[in-house]
Amino acid sequence: MSEFLAVLSNYDLVGAYWLNIQLTFFAGLASLVIGTILALMRISPIPSLQFAGTTYVNLIRNTPLTIIVVFAALVLWPVLGVEFSTDFATNFFWLAVAALSVYHASFMCEALRSGVNTVPAGQAEAARAIGLPFLPAARLIILPQAFRGAIAPLGNTLIALIKNSTVAAAISVPEISILMKEMMENEGNYVIPIFLTVAVGFVIIVVPIGLAVTYLSQRLAVSR
Amino acid sequence: MSRQTVLFDAPGPRARRNVRVGNWVGAVVVIGIAVFVLIQLNAAGQLRPELWAVVVDPDSWRYNFLPGLQNTLVAAAYAIVTSVVFGLLFGVGRLAANRALRWFSGVVVEFFRAVPVLVMMVAGYQILGRFTAVSGTAQLLLSVVIALTLYNGAVIAELVRSGVHGLPKGQREAGLAIGMTRGQSIRSIELPQALIAMLPSLVSQFVVILKDTALGYIIVYPELLRSARLLGSGAPFAILQSLFVAALIFIVLNYLLSKVAELVARKVGGRTSGKARANPAPPNAVTVPAVGGGTQ
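Sequence lines, in order, name chains A and B.
The numbering of the first sequence is my numbering, which starts it at 9 and goes up by one.
The numbering of the second sequence is my numbering, which starts it at 6 and goes up by one.
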């Protein structure tokens with residue numbers, strides 16, 4: 009056991025996890041912004057915007073994330089000349105963030121939209137019945153309930169994003185799965201303990217978030 | 006389009022005119038973005054016919070796309086079968102009367118749902134290489150299938166459990182009232198209905214399995230994305246075009262699978278007292294709660 013700990017101390021596990029968390033943070037923000045725009049497009053009464061939003065969501069969520077990440081590194085940068093930084097590592101980090109954002113935006117959009125769908129039609133009818141115009145009805149009655157309904161699916165998308173941040177390994181961003189592979193190749197005697205260590209790291213990150221999401225969504229649930 | 010009745014009243018003449026104007030403005034913006042992308046692609050020389058000729062060449066399909074697609078489908082098919090078995094075993098395990106068995110199944114399911122598929126795939130490859138004699142493509146295929154099975158099997162186990170919990174209470178009570186034990190009622194009344202109710206979500210989960218076979222690219226399993234990349238890396242470097250075709254193949258397959266899920270949902274609706282429906286939002290890993298489950 010102490011030998012294994014000595015082996016572990018040779019590697020920067022925390023640094024690698026930190027990279028996953030950074031990927032998650034930036035991609036989470038960006039995908040929430042894009043997802044909100046898409047959700048607004050899909051719930052608007054305007055057919056052309058609905059069509060564009062629906063097309064985006066259906067195309068992107070049926071495409072494997074790995075293809076999008078590889079596309080960013082092999083096409084977006086070298087072929088189409090999208091460059092975030094002249095530093096190689098920084099550039100690839102942001103290309104990975106861009107790919108993760110584009111992919112998860114479609115799930116953020118669906119999470120927000122399913123929140124709106126939890127609001128019963130009677131709520132909007134009641135708002136109109138007491139004479140509220142469109143914007144106050146949306147602001148005071150519908151959106152507050154919609155956000156509460158969206159907490160659980162948004163939280164699940166966040167958890168998926170944390171786990172999917174490992175896919176940045178496809179373009180050699182040195183996050184935890186790349187470090188794990190390197191450790192296993194160097195320390196052949198400890199492959200199973202190394203896997204368990206890395207896996208438990210994810211359990212430690214993901215389970216509290218899952219519990220928090222469950223707690224929040226139940227606490228804030230609109231009782232009907 | 007029921008959601009619109011929540012947010013919007015039936016439009017009057019003025020609102021209808023605004024929608025019409027908005028529709029044109031929206032269309033112009035969307036088409037404008039598409040044109041901008043095409044202009045950029047053209048400026049980068051990506052619309053040249055010789056690049057697109059690569060991906061419609063029968064030889065590219067014979068030596069790259071089809072063999073890659075075959076490996077993808079093989080991995081997905083194995084993973085679908087094994088994860089259904091895994092899911093049924095542990096899903097039933099979580100409902101067992103035996104406390105130790107229930108607890109064990111719960112820990113296994115929650116653990117494998119929290120660990121990224123890629124981490125299990127990379128670790129599986131290394132562990133197989135270290136402790137078994139399998140090597141080469143078999144080792145790669147096996148690591149892909151094992152990783153997909155552990156994750157998706159855990160998700161399916163949750164589907165089984167939530168399927169049983171989603172049945173009306175009266176089903177269980179009726180079983181107990183005619184003198185069945187709890188186990189008998191689960192086996193002969195609740196599980197059969199829960200399995201039918203979960204069929205649409207199960208098919209949606211197959212979309213996730215098919216999509217995640219692309220993770221095999223990272224451990225160099227020769228699946229569709231890998232073969233598309235190989236095709237695009239040779240002269241005349243049609244990498245954009247070959248990745249585009251690979252994505253298109255995935256999109257078409259997944260779209261068909263999600264249509265099947267909707268069809269199944271319509272077919273089985275009347276044969277269970279549970280709620281049979283295809284995942285309205287994503288056929289995807291993401292929407293299944295990682296812990297706790299059953300929110301709302």
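Simulated from the structure, these hints should not be mistaken for lab results.
Backbone N, C-alpha and C fix where the C-beta goes; we use that ideal spot for every residue, glycine too.
The reader is advised that the hints may include incorrect statements.
[As the list claims (entries may be wrong)] These stretches of chain A come out as covered by chain B in the derived footprint (C-beta under 8 Å, 3 or more residues): (1) 9 to 21; (2) 29 to 35; (3) 89 to 99; (4) 134 to 147; (5) 180 to 193; (6) 203 to 216.
Evaluated hints:
no.	hint	verdict
1	9 to 21	violated (count 0)
2	29 to 35	violated (count 0)
3	89 to 99	violated (count 1)
4	134 to 147	holds (count 3)
5	180 to 193	holds (count 6)
6	203 to 216	holds (count 7)
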